[in-house]
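K.L.:
Residue numbers (numbering that gives the first Met the number 0), protein chains in the order written: chain A, 0 to 235; chain B, 0 to 734.
What the hints contain is simulated information worked out from the structure, not anything from laboratory work. C-beta atoms are modelled at their ideal positions from N, C-alpha and C, and glycine is treated no differently. Check each hint, because a few of them may be wrong.
Claimed, not checked - Calculated pairs, DSS-like style, for lysine-lysine (alpha carbon to alpha carbon, straight line, at most 27 Å):
| id | chain 1 | residue 1 | chain 2 | residue 2 |
| --- | --- | --- | --- | --- |
| 1 | A | K34 | B | K319 |
| 2 | B | K329 | B | K55 |
| 3 | B | K366 | A | K34 |
| 4 | A | K1 | B | K319 |
Claimed, not checked - Only part of the chain B face toward chain A is listed, based on derived beta-carbon distances under 7 Å:
| id | residue |
| --- | --- |
| 5 | A148 |
| 6 | G155 |
| 7 | Q170 |
| 8 | V235 |
| 9 | F239 |
| 10 | K242 |
| 11 | Y379 |
| 12 | E418 |
| 13 | D421 |
| 14 | H422 |
| 15 | V424 |
| 16 | L426 |
| 17 | L602 |
| 18 | N708 |
| 19 | M711 |
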Amino acid sequence: MKTAVIVFPGSNCDRDCGRGWAAVTGREAEFVWHKESSIDDYDVVILPGGFSFGDYLRCGAIARFSPVMAEVVRLAGRGSLIIGICNGFQILTEARLLPGALLRNKGLTYICRDIHLKVENNQTAFTSAYAAGQVIRMPIGHGEGGFTISPRGLEELRGQNRIVFRYCRADGATDEAAAPNGSLDNIAGIVSDRGNVLGMMPHPERLAEPILGGDDGKGVFESIFRAAAEKLGGGK
Amino acid sequence: MTERVDVWREHGLTENEYDLIVGLMKREPNYDELALFGVMWSEHCSYKNSRAQLRKFPVKGPQVIQGPGENAGVVSLGDGLGAAFKMESHNHPSAIEPFQGAATGVGGIIRDIFAMGARPVASLNSLRFGRLDSGRVRHLLRGVTAGIAHYGNCMGIPTVGGEVYFHPSYQGNPLVNAMCVGLVDENKIFKGAAAGVGNIVMVVGARTGRDGIKGASFASEELNDDDPDKRPNVQVGDPFMEKLLLEATLEILEGGLAVGLQDLGAAGLTSSASEMAGRAGNGLYIDIDKVPLREEGLLPWEIMLSESQERMLLVAEPAKVGAITAIFEKWDLTAAAIGEVTGDGHFTVRRGSKVLASVPAGLLTDKAPVNIRPLAEPAYFREKKKADLSPAVNYGDWTGLLKKLLGSPNLCSRRWVYEQYDHMVGLNTVIRPGGDAAVLRLPDSGKGLALACDCNSRYVFLDPWRGGAIAVAEAARNVACVGARPLALTNCLNFGNPENPEIYWQFVQATDGLAAAALRLGAPVTGGNVSFYNEYNGQAVYPTPTIGMVGLLENIEDRLTSGFKKTDDLVMLVGESGEDLGASEVHFLLTGRDEGPVPYLDLDRAARLNDFLTEAARARLLNSAHDCAEGGLAVTLCESAFAGGLGAALKWAGDISAAAAFFGESQSRVVVSFSPDRAARVEELAKKHDLPFTALGRVGGRKISLNYNGEMIEAGLDELFGPWENNLAEAVQLP
């Protein structure tokens, strides 16, 4: 299994993602510089958090033009598992691998804290380690994480069961106030129509080891690892 | 001779200093040379008013790898790993333009850390503002917080701790002190020296523009009402550029490509180049035509004094220049060879072949006059010791008073501030902000690094010696409360105008106290920063010697946190409580006055308490430990209850007033909780360290119930928690 963490100038969770991946799966990820225009057929690609190109323009708007992104699109097309976390999610929407956009937080400030998430769909390559409806704890760290999409787009996401994570309270209630950033319908993570591209604002790598205060995030990497291994084991 | 007057004044020098320069150079300096002296002999660069006092600090210890004098100090963490750390002020820029002022303060201290070859792993900050009910103060608080967040978050360096205080003395002149900590291989520590005659001097990173010109001189003057005009003195930060600069620089150091490295900070190229030359005992020339500029038409002295951010000065062997340039190109950064190390000891500025200025480097870096200023004990020092402390003593409604205290600007939760900082990036933050000290895990060793900032400037104002010592003692105790042994400290000494004998007296007294405590508590000073002239319209800020403490946990699994953990755990106060309502937060809350005797500090007991805490942590005797500080025991207990989500029912007796028992601020006290089966061993350990202790009661329930001599505080946790948790966030929302 080959895993890549894409490094954009300004990425700052690249090492964290590699470390989280290694801590959970026992495998090393490779770091791939954004200027690469031809990369191997990685089974798993992680777009990490950070401030690609400083995010001085719309978050992710410049990163999507990096040479490596054409390759990420190609790998998405061949069915590799692509996960974008935080800035990585923003880049995936800019690259149109995922629908919607991320807006400035409703309180207009950056927020770093643990929040609760409800696993709305555990039948994905990214969430199979969780139970359906499970409430998990995970940190967010972003200034622009309010998900938005057209009414039709939202209907599509709902209809196709592509809303994977929603912000909730500790007891699982998903009222509007439970979304720290004003996300539409409390959306925290979605998958592509084929189900092999996931974008999420919370950081699973930040709570993937008990010493960091919890390991609810582990399940994301476990699920990806399992799904990618099954695909490889299943053979072509 | 009438012309002469303007010559030195324009550069912020005195007539005596000008004469000294002429004597040292054995000729009249030209305009450009005088501009160099102007900034290098400014207080900000030369420490001319503080140097004599800073020599008092203990700077040695087996743990110290690099003491004061470099870009940052370094202490050993064992296993060949060092922690590079330093704190610096960016007060005046933040007063004028809070967002960029604070942001560039963070950027500057981060560069100091990676200039040592260290990868920055954590930032902290100490912030002080005027009254929160002022719109301008709220504007400053919002701007400074957002600026720190902007820079640190983008850099991917977690901001893990710090402090925020509000006091009228900072109304016009806020304090913004930023600290950064990095990890470095002990054998790969880098120095800012221009070694090797014939080596190439390169400026790397951003291009040079007009921003921040004369920032060093600006920092060495008082603030006034007309200061909005000084906005051009404030630099603009680009954290993205700095992130690239960090990665490129570390790649170059990793490859062993550079000989010396220095941050371009205050006074820009002038200060960095002359300091690098001075440290190596060499000379150096810079050809300003080779400096990459952002705009046309900069004058020579503007290029030499520009404080454009995100630049470093690098010295390398000629054969390595190509490889260095290639790395910077990979990161889309500029790198330009602008000069050469020479053997003549002169710092020379050229434009092409024309020499504009040539001064022995040592004159700029080491020959600024060392001023021993006259000092005078201010009248208030004795007058304010006497105070009527009855408003607290006679208050009576202790529950009501506790609620007021918990919701007051200085004691309520700082969550609104620290949640704007990414404090988790890096995956090392094991104890997050909000406790006594932050703890980071260290790679591979199972050890932990504890970090804290502290200073109670009310104490320092009322009794500078004791206040200076208390700042060190509390910072050390904060670190000990998480189970770590204090290793070393950095400081940021914020004072008013040192030419005022009463201010200088505060400075001498406070640094004396600081030195004594650092020595006794085994935490030598490895560097820091002096910030004078913190005055607004002639009013000085309270003397504020902020301490940044670094501590080591030998086994990170021994760490302690402040929250109660288990129902039925026993709660104990370690230390002794006196009638210490003087200089207290409660007295200030009730009267608006800072007065009364500052609580006594027994440095020996402070040291023993730290030993008790680290030994108790190591033996895993405790389930929580929390420093008892501003607001006293009642506030401390509430904080432990909030953090753990568990109340407590406590009852004890004593011979001090109820006000002092609940809210007094006696020093060297800690609230601990532990499982009942550990009680005998905890008591034994306290006795071994000759520490008085008081059994208070048990953890449990959803309320706080305190009974002292029959006087009661009783309230539900939620009722107390609300104002503590939300008041700052709510106050800041006002326009």
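K.L.:
Tell me, which hint numbers fail for this structure?
P.N.:
Result: hints 2, 3, 4, 7, 8, 11, 17, 18, 19 break, sorted rising.
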